[in-house]
Amino acid sequence: MRKNQVAVVGAAETTELGVVPNMSQLQLHADAALNAIADAGLKLSDIDGFATAVETPQQVCHYLGIKPTWVDGTSVGGCSFMLHVRHAAAAIEAGLCKTVLITHAESGKSMIGKQPRFTAADSLNGQFEAPFGVYGPPSMFPIPVLRFMKTYGITHEQLASVAVVQREWAAKNPRAMMKDPITVNDVLNSRMIAYPFRLLQCCLVTDGGGALILTSADRARDFPRKPVYIMGTGESVETPMVSQMETFNSSRAFKTAGPLAFQEAGIAHKDVDHLMIYDAFAHLPLFGLGDLGFMPHEETGKFIADGNTRPGGRLPLNTNGGGLSYMHSGMYGMYALQESVRQMRGIAPAQVADAKISVCHGVGGMFAASGTIVFTNER
Amino acid sequence: MAEPQRARPKPTPETQHFWDGTKAGELRLQRCDACAHVYFPPRPFCPSCASRKVSVFKASGKGFLYSYVINHRPAAPGFTPPYAIAVVELDEGPRMMSNIIDCPQTPEALELDMKLEVAFQQLDDRITLPLFRPAKG
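If you read the protein sequences in the order shown, they are chains A and B.
Using numbering that gives the first Met the number 0, you'd call the opening residue of the first sequence number 0 and step up by one each time.
Using numbering that gives the first Met the number 0, you'd call the opening residue of the second sequence number 0 and step up by one each time.
Rather than coming from a laboratory, the hints here were simulated on the basis of the structure.
Check the hints yourself; a few may be wrong.
[Claimed, not checked] Taking lysine-lysine pairs in the DSS-like style, the calculated list, with each CA pair at most 30 Å apart, reads:
| hint | chain 1 | residue 1 | chain 2 | residue 2 |
| --- | --- | --- | --- | --- |
| 1 | A | K171 | A | K149 |
| 2 | A | K149 | B | K135 |
| 3 | A | K2 | A | K269 |
| 4 | A | K355 | A | K2 |
| 5 | B | K22 | B | K57 |
| 6 | A | K2 | A | K149 |
| 7 | B | K114 | A | K149 |
| 8 | B | K61 | A | K149 |
| 9 | A | K178 | A | K355 |
Okay, chain A solo, but in the shape it has when bound (with noise of 0.2 Å):
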């Protein structure tokens, strides 16, 4: 794909983050969408195309009136919505549509109109995960955890460091759930959740939502707000088991989505200003960093821990308190694609001073998927 010639020109959360009680999931789509059509100073009927994950197209489209002619359902989990911007923007590119919606919303909290989720017993992960006490990502997310310790020689420490910062950066977001400042040791004495990792290692769990506009970079220039760039993409999927993960050393599908977006791009690591690692669990930040190309994954624990990620370090990292701190409704991906553009739009609470270049990296399922988005505000 050419880098930039597609742009996001609305972006939006819902009006509420956190506890929405008031709320189904739906109408948090909705509450985004009409968020964002505002934002983009656009009408419903100047959406020709739409793209969510979890709930349907069609449902979320019939909900808000809008009549697409290119949908796109992709459903892999919290990064759906990166490989949503990747789609959207081949498809504005190919003409199979010109003004993009992308929504997200769960009722993760409240638990209002959304669907249970279920495993069945005779699918795979059911066969061969279920029947040992997997319960959730807690139990199944830090699988890979101890043995990425031990091969890198990460201590825990360094992986508790990870929810300090972010809660630093948390601090100066108005809207993100947890601002109260926090140590290691705070963290290495929360709740036990799942061996190595405590309460404050893992993502809250909220109700939200959030939504993107996209269109053609060449229309961008009419919008009411400064456009963002798609300046490269990627994604890959791996597999729905973390048992069956090629290893646990990395991430198989970061390592395809992330390269690939860089390439595209065509830059180099240390042009980027701003980075955005889909952190639903402490070691994510981690896996990133070295599946990115950063730097060998045995200096990412050390490099947190040293503050390079914090306020005023030099590679600043997930600004907006991510999910251990700002939000996490179930899927992130939306709100670290929310921060990646305000930074781009110069409108963040944590500013990061004459950013140019945002990486957003996502994560879906256990390491099952992943999408990576290069954002930039110059063309």
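Given the coordinates of chain A, work out where chain B should sit on it, guided by the hints.
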């Protein structure tokens, strides 16, 4: 009310041989006749070279502890926390999820790379699970 039970696997035509194996006290893997790749979970073709000529064989049941978590909360039905959810790397190459029995469920007792051997635990007359315990000797 009955005690909540551990999730029961339901075999499919492609996995039936595996569950027949555990019931008979055998850990069965598959090997590609064309490229010799050994793989898991079961399927009637090789995920490495796509050959449909594959054979089922009895694995050694030996391996080592590749990684794990000790789950505290929330606990799955039929489990008393804390309990370890482990991934075992078999001597033949594939890895599988399992539980470690005859071993304290603590970080001190559960050492990565410790040698393990399969131990079968019957759930009912249909399903026997492959669990692992520290290898003897």
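Satisfaction of hint between K57(B) and K22(B), Cα-Cα up to 30 Å: The hint holds at about 13 Å.
Given pair status - K149(A), K61(B), alpha carbons within 30 Å: holds, 22 Å
Distance restraint between K149(A) and K135(B), which requires alpha-carbon spacing of 30 Å or less: holds, 24 Å
Pair hint K355(A) and K2(A), alpha-carbon separation not exceeding 30 Å: Holds, because 15 Å separates the two Cα atoms, which is no more than 30 Å.
Given hint K149(A) paired with K2(A) - CA-CA distance at most 30 Å: violated, 39 Å
Holds or violated: K114(B) to K149(A), with C-alpha atoms at most 30 Å apart: holds, 17 Å
Given hint K269(A) paired with K2(A) - CA-CA distance at most 30 Å: Holds, at roughly 19 Å.
K171(A) paired with K149(A) [C-alpha distance capped at 30 Å]: Violated. K171(A) to K149(A) sits at ~34 Å, over the 30 Å cutoff.
Distance restraint between K178(A) and K355(A), which requires alpha-carbon spacing of 30 Å or less: holds, 27 Å
In summary, the structure is inconsistent with hints 1, 6 from the numbered list given earlier, while agreeing with the others.
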